[in-house]
Amino acid sequence: MPLERNYIEENLTLLTDCDNSEDFVAIAIMVRDGVGYHSGLVICLKEHFYFFHYTGRKVEMQLLEELPADLYIKKLTIFEPSKVEYIKAFCEILEEEAHPIYGWIFTDSFYTGDGTYYSEQGVPDITTCVGFCINVIRGALYNNEVYIATDEWDDTTLDDLQHNFTENITAQLAFLGEIDPARLAVITERSFKRIMPSELTSSGFFEQLPIKKNNIDPVNPIVTDIILGRHIAS
-3 MPLERNYIEE NLTLLTDCDN SEDFVAIAIM VRDGVGYHSG LVICLKEHFY FFHYTGRKVE
57 MQLLEELPAD LYIKKLTIFE PSKVEYIKAF CEILEEEAHP IYGWIFTDSF YTGDGTYYSE
117 QGVPDITTCV GFCINVIRGA LYNNEVYIAT DEWDDTTLDD LQHNFTENIT AQLAFLGEID
177 PARLAVITER SFKRIMPSEL TSSGFFEQLP IKKNNIDPVN PIVTDIILGR HIAS
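If you read the sequence shown in the numbering used here, its first letter stands for residue -3, the second for the next number, and so on.
Simulated from the structure, these hints should not be mistaken for laboratory data.
Any given hint could turn out to be false.
To be verified - Restricting the straight-line Cα-Cα distance to at most 35 Å, the calculated cross-link-like pairs of lysine-lysine (DSBU-like) are:
{"id": "1", "residue 1": "Lys42", "residue 2": "Lys54"}
{"id": "2", "residue 1": "Lys79", "residue 2": "Lys189"}
{"id": "3", "residue 1": "Lys209", "residue 2": "Lys71"}
{"id": "4", "residue 1": "Lys84", "residue 2": "Lys189"}
{"id": "5", "residue 1": "Lys42", "residue 2": "Lys84"}
{"id": "6", "residue 1": "Lys189", "residue 2": "Lys208"}
{"id": "7", "residue 1": "Lys208", "residue 2": "Lys54"}
{"id": "8", "residue 1": "Lys189", "residue 2": "Lys54"}
{"id": "9", "residue 1": "Lys71", "residue 2": "Lys84"}
{"id": "10", "residue 1": "Lys42", "residue 2": "Lys208"}
{"id": "11", "residue 1": "Lys79", "residue 2": "Lys208"}
Construct all of the structure, not just a fragment, from the sequences and the given hints.
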């Protein structure tokens, strides 16, 4: 059954409007001029808010003593409140141990409990803020269950970006020397893609895993329209 717009509006909230009396983990989207441009996770634990994200340079956890006015969240109902303290501890390990390189690569990957990056295709930890969140969420799930079926996105999602970035990342992968050259072409063909912050936010409205692109596609334009509409009205 399609999600109603009213339901999406009610559950897509500014962090400044959130109650901190119950522990939760949420997908967060930072907004500029009514457009989501960066993803992270918000952890609410013992009445404190923390923002955990990959900046593009480093992984960091921030205690939010002042709540930013441009941060929307969608609570993740796949995580019970009783698991939030464990997830925060997991994120603290990742803050020390995870060192991604920025790039538009999505594979079957996640972080293990000790902060080790694991890729089923043997790809180095090259990711975006969105990909990082997906890997963290999957790492926190029981048996590292797949959160989003990232293989359903393809390289057409990159069409609006600079045309030469793919060549740059391919050269970077080869330079790292961490991939068998015989598989590099296959990985390049299948793994270069972009999942938008609004798409990650839209995934938070689903509980049945893995979340499919055809689940997210009808919700994503509603999420982006709600965020833009609130910006215009403010």
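Hint numbers the structure violates, sorted upward? Nothing - there is no hint that the structure violates, so all of them hold.
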